[in-house]
Amino acid sequence: MAENFADAKVLFTLPWNSDAITTVAFIGNGMVAAGNKRGDILVWNLPAPGEKTPDPVRRLAGHSNEINRLIVTHDGKTLISACSDRTVKYWDAVSTAGEPGKVVLNDGFVRAGVTEKVPKLADLPPPITANVMVQKPLRELTAHKDWIWGLALSRDGKTLLSGDDSGVVIVSEVSTGKELRRWKVKQWVRSLDLSPDGKTVVTAEHFPQLNAVDTDVGVRFWDTETGGLKSDASKELKGGMSAVRFSEDGKQLAVCQGNIDREGPVGKVYLLDPATGKKLREFAPGHDRGAIDLAFHPDGKHLFSAGRDRLVKAWRLADGTHVRDFGQGGKGLTESIYAISLSPDGKLLAAADGVGQVVIYSLNPK
Amino acid sequence: MFPLTHRIDHVSRRDLLKGVVATAGGAVVPNLGALFHSRTMAAEAKRSKKRCIVLYMEGGASQTDTFDMKPGRPTAGAFRPIPTPVTGMQVCEFLPTVAKHMKHFAVIRSMKTKSVDHGIGGYHMHTCYPSSERVPHPEIGAVIAKYLDDPESDLPSCIKMGPTGNYGSGYLGPLYEPFQLGNDGKPPNYTAPSVAPEIQERRSDLLQFMETDHAKDHHAAPFASHRTSELRALRLMKARKVFDIGEDWAKAKERYGDTEFGRSCFMALKLAEAGVPFVEIGQYGYDSHVDNFPISKANFSILDPAWGSLMGDLVDRGLLQDTLVVWLSEFGRTPAINNRAGRDHFGRAWTVTLAGGGIKGGQHYGASDRDGFEVAENPVTEGDLFATIYRTLGINHRAKHYLGSRPIWATLEGSKPIKELLG
Chain A
1 MAENFADAKV LFTLPWNSDA ITTVAFIGNG MVAAGNKRGD ILVWNLPAPG EKTPDPVRRL
61 AGHSNEINRL IVTHDGKTLI SACSDRTVKY WDAVSTAGEP GKVVLNDGFV RAGVTEKVPK
121 LADLPPPITA NVMVQKPLRE LTAHKDWIWG LALSRDGKTL LSGDDSGVVI VSEVSTGKEL
181 RRWKVKQWVR SLDLSPDGKT VVTAEHFPQL NAVDTDVGVR FWDTETGGLK SDASKELKGG
241 MSAVRFSEDG KQLAVCQGNI DREGPVGKVY LLDPATGKKL REFAPGHDRG AIDLAFHPDG
301 KHLFSAGRDR LVKAWRLADG THVRDFGQGG KGLTESIYAI SLSPDGKLLA AADGVGQVVI
361 YSLNPK
Chain B
1 MFPLTHRIDH VSRRDLLKGV VATAGGAVVP NLGALFHSRT MAAEAKRSKK RCIVLYMEGG
61 ASQTDTFDMK PGRPTAGAFR PIPTPVTGMQ VCEFLPTVAK HMKHFAVIRS MKTKSVDHGI
121 GGYHMHTCYP SSERVPHPEI GAVIAKYLDD PESDLPSCIK MGPTGNYGSG YLGPLYEPFQ
181 LGNDGKPPNY TAPSVAPEIQ ERRSDLLQFM ETDHAKDHHA APFASHRTSE LRALRLMKAR
241 KVFDIGEDWA KAKERYGDTE FGRSCFMALK LAEAGVPFVE IGQYGYDSHV DNFPISKANF
301 SILDPAWGSL MGDLVDRGLL QDTLVVWLSE FGRTPAINNR AGRDHFGRAW TVTLAGGGIK
361 GGQHYGASDR DGFEVAENPV TEGDLFATIY RTLGINHRAK HYLGSRPIWA TLEGSKPIKE
421 LLG
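Residue numbers (my numbering), protein chains in the order written: chain A, 1 to 366; chain B, 1 to 423.
Calculated directly from the structure, the hints in this document are not laboratory data. Some clues are possibly wrong.
Stated by the list, open to error - Computed cross-link-like contacts, DSS-like style, restricted to lysine-lysine with a CA-CA straight-line distance of at most 25 Å:
(1) A:Lys184 <-> B:Lys114
(2) A:Lys120 <-> B:Lys114
(3) A:Lys145 <-> B:Lys100
(4) A:Lys117 <-> B:Lys419
(5) B:Lys49 <-> A:Lys186
(6) B:Lys400 <-> B:Lys100
(7) B:Lys70 <-> A:Lys145
(8) B:Lys49 <-> A:Lys145
(9) A:Lys117 <-> B:Lys100
(10) A:Lys120 <-> B:Lys49
(11) A:Lys77 <-> A:Lys9
(12) B:Lys419 <-> A:Lys184
(13) B:Lys251 <-> A:Lys117
(14) A:Lys120 <-> B:Lys251
(15) B:Lys100 <-> A:Lys186
Claimed, not checked - These stretches of chain B come out as covered by chain A in the derived footprint (C-beta under 8 Å, 3 or more residues):
(16) 68–80
(17) 295–307
(18) 336–348
Positions of the beta carbon are idealized from the N, C-alpha and C atoms, including for glycine.
Extracted from the complex, chain B is given alone in its bound form:
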């Protein structure tokens, strides 16, 4: 009997992992690293069942106009601060919904980072390594996916929406490659099956038979990568229902704002509920070298209801304790306003916020000086930030991997988690 008349068992993520390694024939495949060296760490992280949502403000959001305002100073600009439920914590008047949740927020006002252009800054703030290194560092979502991945889940473990950049899974290999949804959180069209499920199943079996047979004599990494991608797509078709949020979205869109970013934040909530370990959502348009104030005001009118509602729903559904929400950019913006009423790129003293996931909220960490030109207290590097994020999620920030025989660590040497923020 032709073997394909027997239905092959559903390929779980665990089987997938074994299959990839077997297909590689045990040879050293540079982009797979040495996955089993960190098995214990992975097991430990998975027990935490934590998740991470990153809100990435593409272009560089201004700290002086959001969380590190300078009222009354020449660098203040047109926005005014408003009080929040936390004494001593003020935020921009155009983030009123976010302001309500400040008791959950740790606002790091002392980011001091080195890469102040978009490409290199985006890379650095996604990998914690400078792009000048000739090593394919994985982006943060890929690392979190690796350690918090549920092998039994059909959903990707690292999902991105909107303008986040794509820095890839690097040496962790294709299994942790980020999966990109549309800017509005909708899955790509190719995940919609074009045939009935039983026909799709048989096609998948045929394809696996042919590719496994081919791979016996062809031990190259690209074949393994290709197979990984195929299997991911097939499994995603099975899990597609998670992305069908139409009915729920109709009820939620007034709160989140009927925008692509709003819908993506709502999708992130759904994915967090479904246990996806990492979701990143990008919002376009923060590179305000000109007309910083009207542009930022418009951006915040989209950001605030979406982010604030996401926080509120995470709280209401009991998810915030296990979901770390990170707000960041590739860099901040200059406190000095230029002659086109804009603010330029700035890495010397800017702001990232962390909330939930066990972070001790309701506090500032670090400070900039009176006008915001330099860090005055507790500088935080890219590595320190990543270390804090990983530790919060139960991941060893000094986890070691190998590229061939070369060891690589998840964060730079000397990176330290901010203990004041750790729960």
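Next up, chain A with everything else stripped away, as it sits in the complex:
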């Protein structure tokens, strides 16, 4: 792969403007799933570079509100979604069986920067449709009573962690969906991740207010078995964090700031000590208006962040160098890149672009 991803380029732009696309996840190296604010999940098979832009092939139907997170089990067989309809759903990630159906790809409205003078909703363009197989969930978890933002899997694939806006973290068994235990953290869970050894859950917590004060946000380390608080990194980190991610080997822990859209380069990205939460490094310059998602590259050397400035940034872990930006970006009032995902082989990057498209980058086009 070229140093600094210098040769990276857009491979496909998958249009889907029904509502803002909020989540994205690779299924293996050849498929990508994306979820939107309407509660729909679509799956695309990615062809070889140079081939025609694909239509989605599957629609995963069942959610009724904003999809906040998508993850895939390590064996690549199950897709798990967390939603503001208060459910977690499991889906068959690879099956092509289902009911034939259609999906309209452009029945959403273009969102203006300022809407005060918008007289009414614009007329929709002629529909662009795709034939899909409509699939139902394999399982639904209904234990949460509030919007679910945090979702993480143990490295052995046996345990699922989920966290919600009422501050409840639930540990459940993947194979059965059975709840194993739960505990309450201090604020609303915005994001969480589980250390690779399975012993520590790190939560990014917040209470989203325009005039947020430091006591409204936190990053905390919890004992997975007991739910006891192990350490609290909140004092060191100012501002609400929107994502927390462990690297695959557990030696790195990254958080990014941006739970609420705020003016200025407030989207800072940090590396923390995975055991104590002590700040080790800040990656600069941060995203304008906030950073929303993080993903460690499988090469173990890079970290990617997605921001409200409609950019994806790549960082070198060893020295914090800002390697490059992906995307058009946008000054002022723009949609966000809500989520990113890296393929298991590290060759592809998917970005959930709020304007209504999933952008697939080849990080190594040669």
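Fit chain B to the given chain A structure using the hints.
Here is chain B on its own, set in the frame of chain A:
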């Protein structure tokens, strides 16, 4: 014998009023208006013994996410409606405690207002006049204080807490100037006497002697205003006990929510019980140009238990019939969601609610169109809303005052109370 060895009688609000006018020497003082022109109206309003509590959502609360939801429409957003005990009335899922009391609510879904920025909108929705007028209009609390004031009470008649803005008593004069408590409903520190009561009394007498003597030769309004403020502060010290809600609050805070807004709503209940005619409480943070849904959800988690518990306690204590509770903002928010997942300022079709005080509850008044962009039925102006509030409280919404020789009315010409809501 030095006159100050005689204790001066407790200065009642009635004496205060006379003293101010006398001090002014009968000259026309612009900011005192012509108080006695509306004496009959005031007497009539006072007989009603009604009170008003305003809950002011600073920044502009979204009607589409509270009381005028558009389920299934592109403007709906992330919140879902829930049913209430009143058939046909739904509210946001994140206002479940408020929802229980909908039989008391009149939900005006057709506010059509002109000032859609914070400063001018706040002024307009507090005075019913646009800020472009070069007249010091009094804010609604000052007007209500004037007409429903109890001169014998030591408590201020217009009390505000939190981010409500301060638009003042305007031409009604300093006597009706709003009194500001802390954001959590606690009185300011200066009202805590620093000396024993008898020493405070003698200090007050000395001060009054000196100022009355000074005022004989100095007939300017600022001296009268200053004296008014002093006397109010002194009388407030006597009434300070009303604000001591610590013990009661400890029992109530689980229901109201242990927040500044929750505590302020509980204080409002106590002040209503004590007969204060007007209390306004502000809640910060509704200007959700970005991330409207998580921010509103967090705001409602504070608003709902506080407001719902206030309604419940007013009902349980038999106070709701005489206490009008108004929920409003400077404007609403756009039905269209912008590209930062927010909603912007909007005056074309938004919502205010009225409950209690004799309002006919359990109904909507007016409607917006399918997606909430325009009023579809029964537009309500700022003046109409104020007229409805004043009439509910027994105040003539066309009460006339004078600024010098210029007549000014409590509401704009053409303002009409909504008769369908009047009990």
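Taking the hints in turn, this is what the structure says about them:
| no. | hint | verdict |
| --- | --- | --- |
| 1 | A:Lys184 <-> B:Lys114 | violated, 46 Å |
| 2 | A:Lys120 <-> B:Lys114 | holds, 18 Å |
| 3 | A:Lys145 <-> B:Lys100 | holds, 20 Å |
| 4 | A:Lys117 <-> B:Lys419 | violated, 32 Å |
| 5 | B:Lys49 <-> A:Lys186 | violated, 45 Å |
| 6 | B:Lys400 <-> B:Lys100 | violated, 39 Å |
| 7 | B:Lys70 <-> A:Lys145 | holds, 23 Å |
| 8 | B:Lys49 <-> A:Lys145 | violated, 44 Å |
| 9 | A:Lys117 <-> B:Lys100 | violated, 35 Å |
| 10 | A:Lys120 <-> B:Lys49 | violated, 45 Å |
| 11 | A:Lys77 <-> A:Lys9 | violated, 28 Å |
| 12 | B:Lys419 <-> A:Lys184 | violated, 50 Å |
| 13 | B:Lys251 <-> A:Lys117 | violated, 47 Å |
| 14 | A:Lys120 <-> B:Lys251 | violated, 48 Å |
| 15 | B:Lys100 <-> A:Lys186 | violated, 28 Å |
| 16 | 68–80 | holds (count 4) |
| 17 | 295–307 | holds (count 4) |
| 18 | 336–348 | holds (count 11) |
Going through the hint list in order, the structure does not satisfy hints 1, 4, 5, 6, 8, 9, 10, 11, 12, 13, 14 and 15.
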